[in-house]
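Residue numbers (this note's numbering), protein chains in the order written: chain A, 520 to 671; chain B, 520 to 671; chain C, 520 to 671; chain D, 520 to 671.
Copies of the same chain are indistinguishable here, so a pair counts whether it falls within one copy or spans any two.
Straight-line Cα separation of at most 30 angstroms, DSSO-like style, residue types lysine-lysine; simulated pairs:
no.	residue 1	residue 2
1	Lys666	Lys623
2	Lys597	Lys650
3	Lys650	Lys666
4	Lys666	Lys597
5	Lys650	Lys623
6	Lys623	Lys597
Hints listed in this document are in silico derivations from the structure and should not be mistaken for laboratory results.
Number of protein chains: 4
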Amino acid sequence: MKLHGDKMERTPPRSRQEYAAFRTIQTRWMDNDFYGHMNNAVHYSLFDTAVNGWLIEQGLLDLNGSGTVFLVVETGCKYFAEMAFPDIISAGIRLAHLGNSSLKYEVGLFRNEEETASAEGQFVHVHVDRKSHAPVPLTDGQRLRLKRLLAG
Amino acid sequence: MKLHGDKMERTPPRSRQEYAAFRTIQTRWMDNDFYGHMNNAVHYSLFDTAVNGWLIEQGLLDLNGSGTVFLVVETGCKYFAEMAFPDIISAGIRLAHLGNSSLKYEVGLFRNEEETASAEGQFVHVHVDRKSHAPVPLTDGQRLRLKRLLAG
Amino acid sequence: MKLHGDKMERTPPRSRQEYAAFRTIQTRWMDNDFYGHMNNAVHYSLFDTAVNGWLIEQGLLDLNGSGTVFLVVETGCKYFAEMAFPDIISAGIRLAHLGNSSLKYEVGLFRNEEETASAEGQFVHVHVDRKSHAPVPLTDGQRLRLKRLLAG
Amino acid sequence: MKLHGDKMERTPPRSRQEYAAFRTIQTRWMDNDFYGHMNNAVHYSLFDTAVNGWLIEQGLLDLNGSGTVFLVVETGCKYFAEMAFPDIISAGIRLAHLGNSSLKYEVGLFRNEEETASAEGQFVHVHVDRKSHAPVPLTDGQRLRLKRLLAG
Numbered sequence: 520m521k522l523h524g525d526k527m528e529r530t531p532p533r534s535r536q537e538y539a540a541f542r543t544i545q546t547r548w549m550d551n552d553f554y555g556h557m558n559n560a561v562h563y564s565l566f567d568t569a570v571n572g573w574l575i576e577q578g579l580l581d582l583n584g585s586g587t588v589f590l591v592v593e594t595g596c597k598y599f600a601e602m603a604f605p606d607i608i609s610a611g612i613r614l615a616h617l618g619n620s621s622l623k624y625e626v627g628l629f630r631n632e633e634e635t636a637s638a639e640g641q642f643v644h645v646h647v648d649r650k651s652h653a654p655v656p657l658t659d660g661q662r663l664r665l666k667r668l669l670a671g
Numbered sequence: 520m521k522l523h524g525d526k527m528e529r530t531p532p533r534s535r536q537e538y539a540a541f542r543t544i545q546t547r548w549m550d551n552d553f554y555g556h557m558n559n560a561v562h563y564s565l566f567d568t569a570v571n572g573w574l575i576e577q578g579l580l581d582l583n584g585s586g587t588v589f590l591v592v593e594t595g596c597k598y599f600a601e602m603a604f605p606d607i608i609s610a611g612i613r614l615a616h617l618g619n620s621s622l623k624y625e626v627g628l629f630r631n632e633e634e635t636a637s638a639e640g641q642f643v644h645v646h647v648d649r650k651s652h653a654p655v656p657l658t659d660g661q662r663l664r665l666k667r668l669l670a671g
Numbered sequence: 520m521k522l523h524g525d526k527m528e529r530t531p532p533r534s535r536q537e538y539a540a541f542r543t544i545q546t547r548w549m550d551n552d553f554y555g556h557m558n559n560a561v562h563y564s565l566f567d568t569a570v571n572g573w574l575i576e577q578g579l580l581d582l583n584g585s586g587t588v589f590l591v592v593e594t595g596c597k598y599f600a601e602m603a604f605p606d607i608i609s610a611g612i613r614l615a616h617l618g619n620s621s622l623k624y625e626v627g628l629f630r631n632e633e634e635t636a637s638a639e640g641q642f643v644h645v646h647v648d649r650k651s652h653a654p655v656p657l658t659d660g661q662r663l664r665l666k667r668l669l670a671g
Numbered sequence: 520m521k522l523h524g525d526k527m528e529r530t531p532p533r534s535r536q537e538y539a540a541f542r543t544i545q546t547r548w549m550d551n552d553f554y555g556h557m558n559n560a561v562h563y564s565l566f567d568t569a570v571n572g573w574l575i576e577q578g579l580l581d582l583n584g585s586g587t588v589f590l591v592v593e594t595g596c597k598y599f600a601e602m603a604f605p606d607i608i609s610a611g612i613r614l615a616h617l618g619n620s621s622l623k624y625e626v627g628l629f630r631n632e633e634e635t636a637s638a639e640g641q642f643v644h645v646h647v648d649r650k651s652h653a654p655v656p657l658t659d660g661q662r663l664r665l666k667r668l669l670a671g
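Please model the complete structure; the sequences and the hints are all you need to start from.
Pasting the structure below:
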């Protein structure tokens, strides 16, 4: 099923090749709401999981050790098609903007083997001090690793 | 704490009087993530709860009976300040756009007795047939009731 | 609707007067699963919210300050009747056992104005050091306040 | 870390070989609560996901088609050790009781490559008519397939 409103003109969803890194996430029974599809808030839980999972894997975030963390200041999502438990979701990640202390990711959610994203989100992180939550500029080393997310 | 990135210029958050209807929602222990504040995906669960709760109360949505339902096609949120369990949240709702079969709500989340929103979201609903999910124009009666959400 | 299996004989659910303290919790849209009722995992989120909310209110738990916290080691729930968004839930709390460093609560979930619990849970907390997670005996002061939960 | 209370004597957790079927589930960022580990309610969401995923795969549950569904009437969990995002969880399933219209599963949650369960749950399903929710006896065909979950 396609989800669209009246006279809504939207940029069509991206394909897998336009994303730089992927994470696989199993949907859960509880993700389905009364309408039998993944509830719109669950998508954001998957964005968080994909981005933070990648950051941890790359050594850019250490939940117990690092003095800085990444806080979310803005998010958004366009829903193009329904996903539902028991689908397996591939979350594609790409970097849309790399600022001084902030980053904007784009995350595409792909259902099972599909090549076109069922939903696309944006996700703005600010790199902050773990205690004061004041913004902290990204180091050159961090920027180098983050640039791996810049799509082709 | 204020959440903001570098050189980010944002419209300041609205006050309570700019919203047309309110719903009260108790935060839950599990809403707090590892950083000790309400996780960014939870905000969307509150938007859904506020808007659908209002629609049900107004007789615009009957979970078991109505032939049409409202599906979400686009959402977004700006996070201005942290909220956390055990805060009580007031969700303010206003209508930003009333189309032929689609509606755009704006939802502000107010922490306890605060007058300024800690987060502001947008939430686009399309009125669809419950089975086919094809868009269905809103009736005059529905539009009349929805207009109660037009602020000021 | 009553939920029951074959030849299942269960102690009937308690009434409100058998609980010592109450917390009110608004259900959320996302609590309803595909079957249109509150998903069985959500009940545990409400138990956590009710018990920790009461502990915080009584000064027995300070999320940011106290050197000890309460960890959950065992939980259970019997589901007697369905609840669903947009129901308002009253969670009744009582103390079933007060050990040296552990406590067993019983939590009843009451739907809207109903007098009989729709679900009843048990919830075992261990009082531990926040860092080492080693059990810490409850002080006399803590025990005195916890005894308020012993039902009449 | 071990989670245990005072004078609590518990049957030690089972190993993988005592379970009959397995499902793999990726933890999510939001599963971690303020204490930095998987919140106790999330375990139940994984039980639901594992059991219903297996039922769907075996053709015993069709979310959109079957005239009968399985409702949960009782659940419980013992927490032996902490799990946390970004762990990968293997959920082992076994059948503890096969009644006329009800079933009791036991579900063990194994963290990453560990051989001993970090948590063990029980989960009682009743086979009911999708509309009336009245219990419906399991057919011989259903029982045959369910018996695959009887552990060696």
